[in-house]
Amino acid sequence: MKRWILFFLFASLGGAADLDLKLPLKPKSVRFAVIGDSGTGHAGQFQLAELMAKYREAVGFDFVLMLGDNIYGGKTPSDFKRKFEDPYSKLLNDGVKFYASLGNHDDPNERLYKPFNMDGKRYYTFTRANATFLALDSTYMDPTQLDWVTQQLKQSNSTWKICYFHHPLYTHARFHGPDVDLRKLLEPVLIQNGVRVVFSGHEHVYERLRPQHGIDYFVLGNAGELRPHNLRPSNETALGFDTDQAFQLVEISGDQLYFQTISRSGKTVDQGTLDAGKKPPPETVAPVVQRFNEGGGVVESTPVVRRVPIDHVPIRQRESSAGIQPPQKRNAM
Amino acid sequence: MNSLRSVLWLASTLSLATLAQDKVNPEARVQEDFRKRVMDYVALHKTARSEGKGLKPTQSQAEIARYQRLLAHRIRERREHTGQGAIFTPEITAEFRRLTGIALQGSAGTRVQKSLNHAEPVRLPRLKVNDGYPEGAPLQSTPPSFLANLPQLPPEVEYRVAGHDLVLRDVDANLIVDLIPNLVP
Numbered sequence: 001m002k003r004w005i006l007f008f009l010f011a012s013l014g015g016a017a018d019l020d021l022k023l024p025l026k027p028k029s030v031r032f033a034v035i036g037d038s039g040t041g042h043a044g045q046f047q048l049a050e051l052m053a054k055y056r057e058a059v060g061f062d063f064v065l066m067l068g069d070n071i072y073g074g075k076t077p078s079d080f081k082r083k084f085e086d087p088y089s090k091l092l093n094d095g096v097k098f099y100a101s102l103g104n105h106d107d108p109n110e111r112l113y114k115p116f117n118m119d120g121k122r123y124y125t126f127t128r129a130n131a132t133f134l135a136l137d138s139t140y141m142d143p144t145q146l147d148w149v150t151q152q153l154k155q156s157n158s159t160w161k162i163c164y165f166h167h168p169l170y171t172h173a174r175f176h177g178p179d180v181d182l183r184k185l186l187e188p189v190l191i192q193n194g195v196r197v198v199f200s201g202h203e204h205v206y207e208r209l210r211p212q213h214g215i216d217y218f219v220l221g222n223a224g225e226l227r228p229h230n231l232r233p234s235n236e237t238a239l240g241f242d243t244d245q246a247f248q249l250v251e252i253s254g255d256q257l258y259f260q261t262i263s264r265s266g267k268t269v270d271q272g273t274l275d276a277g278k279k280p281p282p283e284t285v286a287p288v289v290q291r292f293n294e295g296g297g298v299v300e301s302t303p304v305v306r307r308v309p310i311d312h313v314p315i316r317q318r319e320s321s322a323g324i325q326p327p328q329k330r331n332a333m
Numbered sequence: 001m002n003s004l005r006s007v008l009w010l011a012s013t014l015s016l017a018t019l020a021q022d023k024v025n026p027e028a029r030v031q032e033d034f035r036k037r038v039m040d041y042v043a044l045h046k047t048a049r050s051e052g053k054g055l056k057p058t059q060s061q062a063e064i065a066r067y068q069r070l071l072a073h074r075i076r077e078r079r080e081h082t083g084q085g086a087i088f089t090p091e092i093t094a095e096f097r098r099l100t101g102i103a104l105q106g107s108a109g110t111r112v113q114k115s116l117n118h119a120e121p122v123r124l125p126r127l128k129v130n131d132g133y134p135e136g137a138p139l140q141s142t143p144p145s146f147l148a149n150l151p152q153l154p155p156e157v158e159y160r161v162a163g164h165d166l167v168l169r170d171v172d173a174n175l176i177v178d179l180i181p182n183l184v185p
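Those sequence lines, one after another, are chains A and B. So the first sequence is numbered by the numbering used here: it starts at 1 and just counts up by one. So the second sequence is numbered by the numbering used here: it starts at 1 and just counts up by one.
Worth flagging that the hints you see were computed from the coordinates, not collected in a lab. Bear in mind that the values here come from a model prediction, so they are computed numbers and not experimental data. Beta carbons are placed, not taken as given, at the ideal position from N, Cα and C, and that holds for glycine. Any given hint could turn out to be false.
[To be verified] Cross-link-like lysine to any residue pairs, in silico, SDA-like; alpha carbons within 20 Å at most:
id	chain 1	residue 1	chain 2	residue 2
1	B	LYS114	B	GLY163
2	A	LYS121	B	PRO57
3	A	LYS121	B	LYS114
[As the list claims (entries may be wrong)] FRET-style restraints, in silico, Cβ to Cβ:
id	chain 1	residue 1	chain 2	residue 2	range
4	B	PRO121	A	PHE126	52 to 58 Å
5	B	GLY163	A	LYS121	25 to 31 Å
6	A	GLY95	B	PRO154	35 to 41 Å
7	A	ARG232	B	PRO121	17 to 23 Å
8	B	ARG69	A	LYS28	45 to 51 Å
9	B	GLN59	A	LYS28	49 to 55 Å
10	A	LEU21	B	GLN59	31 to 37 Å
11	A	GLY120	B	GLU77	24 to 30 Å
[Claimed, not checked] Computed list of chain B residues with no C-beta within reach of chain A, every gap over 12 Å:
id	residue
12	MET39
13	LEU44
14	SER50
15	GLY52
16	LYS56
17	ILE64
18	ALA86
19	LEU99
20	THR110
21	ASP131
22	GLN152
23	LEU153
24	ASP172
Turn these sequences into a full structure, and let the hints steer you where they fit.
Rendered as structure tokens:
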């Protein structure tokens, strides 16, 4: 029986009743999830991973893009267990593949760790139907890698060319800000070679940028870490969310890319559709979206930061009640 | 007598030509010296690697850690008497300071500096040649314009900015091969 029929049956039986599913789940579509800055081993990561597993049952995504900082702090086998294998055990057992990119908290030798599917390479590519994915190492974008990116993109005839790497070219989180030097060198390559979507992490928030030179940028660095109230949106921000952990579901069907960003508490904080056949709207058009205050009330329509009401139980308290050890102290996040 | 004059003329011409060549492109000579030293290190790395079993992607992080430890140990044994400056000699260090100065000039320099700040500058204990890069410490990202300005490296080694220092790091062994203190302002 075809997989999508199984999902339809599953949904109609009420298995996904408590999930807020916005994707169309079209037949033969490419479905995946996106997480960034996940590898803390904190309770927040576990809770989000549990929610991802529930959505996996309804959506049937078969791979996950990892945007770097996959393992914070120590790199012992027990760290890999606590910060990756345990939280995502359900997904791993179901055969979901994780495709990692390297962040500044990762050891480049993670490329040899089979469950990250990097095939021993710091940067690599793979294709699913009409989508080509390039996982880049933004911690070390030397001329060799830049040449490789150019070659791979030129060779690809895919409708969707998607790049993902740790450091964002655009963001309005104030802790780091955008990597302007990386932008200067990498962005022209992406523009000239038809990249349509870029995912990054590093900033521990969710932010969707308005299209920049024809590219839609997503920052998703809050699947494990979180930096509350860190966004300072500008006219480039389409929507942001900085008060809870989140992951994203993506579905690609033909010229359409559907996305849904879901918080740890199960709220859909962003959703939308991108069209490969249409040029993205000009950067100056103001989005019609709403800004929420801490209590959930609407503050204004733009610019946009979603601060949906969340359960403010401190993460450390959650950890101790869940019997989870806090991670090692580190220099910086 | 004539032949002696000819030999002397030829010798003086050749030495003048060599001198002139040195004056024309001393940077290229220093960079070639750097390249040679790096390739010597890579040869040592490859010998150390060939002594053990190579490592293919594995499910076991313990295996990766063991491989890294063993490789570092074998390299350290071979470099027991090698200290700081074996690759970054004073001449090469001066050349790297010149190249870094170029990378940090003007608007591009402002961009590189911003990028360095963006990359979470790390504060590490004093780094030493043949030590491992501190475990668990983040690897500070190195701005692409900065990298583009330095001599290219083979895949076995990489540059890393660590605070104000520039580290030459063995990727597989996580070993500090050499370093230039206070290269980056």
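Hints, verified against the model:
1. Straight-line distance between C-alpha atoms of B:LYS114 and B:GLY163 comes to about 14 Å, which keeps the hinted pair within the 20 Å bound.
2. Proximity of A:LYS121 to B:PRO57 is assessed by CA-CA distance (about 10 Å); at most 20 Å being required, the pair is judged to hold.
3. Between A:LYS121 and B:LYS114 the CA atoms are separated by roughly 28 Å; this puts the pair beyond 20 Å, and the hint is violated.
4. With their beta carbons about 34 Å apart, B:PRO121 and A:PHE126 fall outside the hinted range of 52 to 58 Å.
5. For B:GLY163 and A:LYS121, the hinted distance range of 25 to 31 Å is satisfied, since their beta carbons lie about 29 Å from each other.
6. Taking 35 to 41 Å as the suggested C-beta distance range, the pair A:GLY95 and B:PRO154 conforms, at roughly 37 Å.
7. In this structure the hint that A:ARG232 and B:PRO121 lie 17 to 23 Å apart at CB holds, the actual value being about 22 Å.
8. Taking 45 to 51 Å as the suggested C-beta distance range, the pair B:ARG69 and A:LYS28 conforms, at roughly 47 Å.
9. Checked against the hint of 49 to 55 Å, the C-beta distance between B:GLN59 and A:LYS28 comes to roughly 31 Å, which is inconsistent with it.
10. Checked against the given bound of 31 to 37 Å, the beta carbons of A:LEU21 and B:GLN59, roughly 33 Å apart, stay inside it.
11. For the hinted restraint 24 to 30 Å between A:GLY120 and B:GLU77, the CB-CB distance of approximately 26 Å keeps it satisfied.
12. No beta-carbon of chain A comes within 12 Å of the beta-carbon of B:MET39; the shortest separation is about 16 Å.
13. Against the 12 Å criterion, B:LEU44 stays outside the reach of chain A, whose nearest CB is about 19 Å from its own CB.
14. With a cut of 12 Å on Cβ distances, B:SER50 stays outside the contact zone with chain A, its closest approach being about 17 Å.
15. Listed as outside the interface, B:GLY52 is consistent with that label: its C-beta sits roughly 14 Å from the nearest C-beta of chain A, beyond the 12 Å cut-off.
16. Consistency note on B:LYS56: stated as away from chain A, yet its beta-carbon is not over 12 Å from all of that chain's, at 7 Å minimum.
17. The non-interface label for B:ILE64 is inconsistent with chain A: the shortest C-beta to C-beta separation is roughly 5 Å, within 12 Å.
18. For B:ALA86, the non-interface assignment is confirmed: its Cβ lies about 23 Å from the closest Cβ of chain A, beyond the 12 Å cut-off.
19. For B:LEU99, the requirement that its beta carbon stay farther than 12 Å from each beta carbon of chain A is met, with the minimum near 14 Å.
20. Chain A draws B:THR110 into its interface by the beta-carbon criterion, the shortest separation being 9 Å against a cut-off of 12 Å.
21. The Cβ of B:ASP131 lies farther than 12 Å from every Cβ of chain A, with a closest approach of about 16 Å, so its non-interface assignment holds.
22. With a closest Cβ-Cβ approach of about 7 Å to chain A, B:GLN152 is found to fall inside the 12 Å limit, against its non-interface label.
23. Residue-level check failed: B:LEU153 sits 8 Å from the nearest beta carbon of chain A, not beyond 12 Å.
24. B:ASP172, annotated as away from the interface, has a beta carbon of chain A within 12 Å; the closest lies near 7 Å.
Of the numbered hints listed earlier, those contradicted by the structure are 3, 4, 9, 16, 17, 20, 22, 23, 24.
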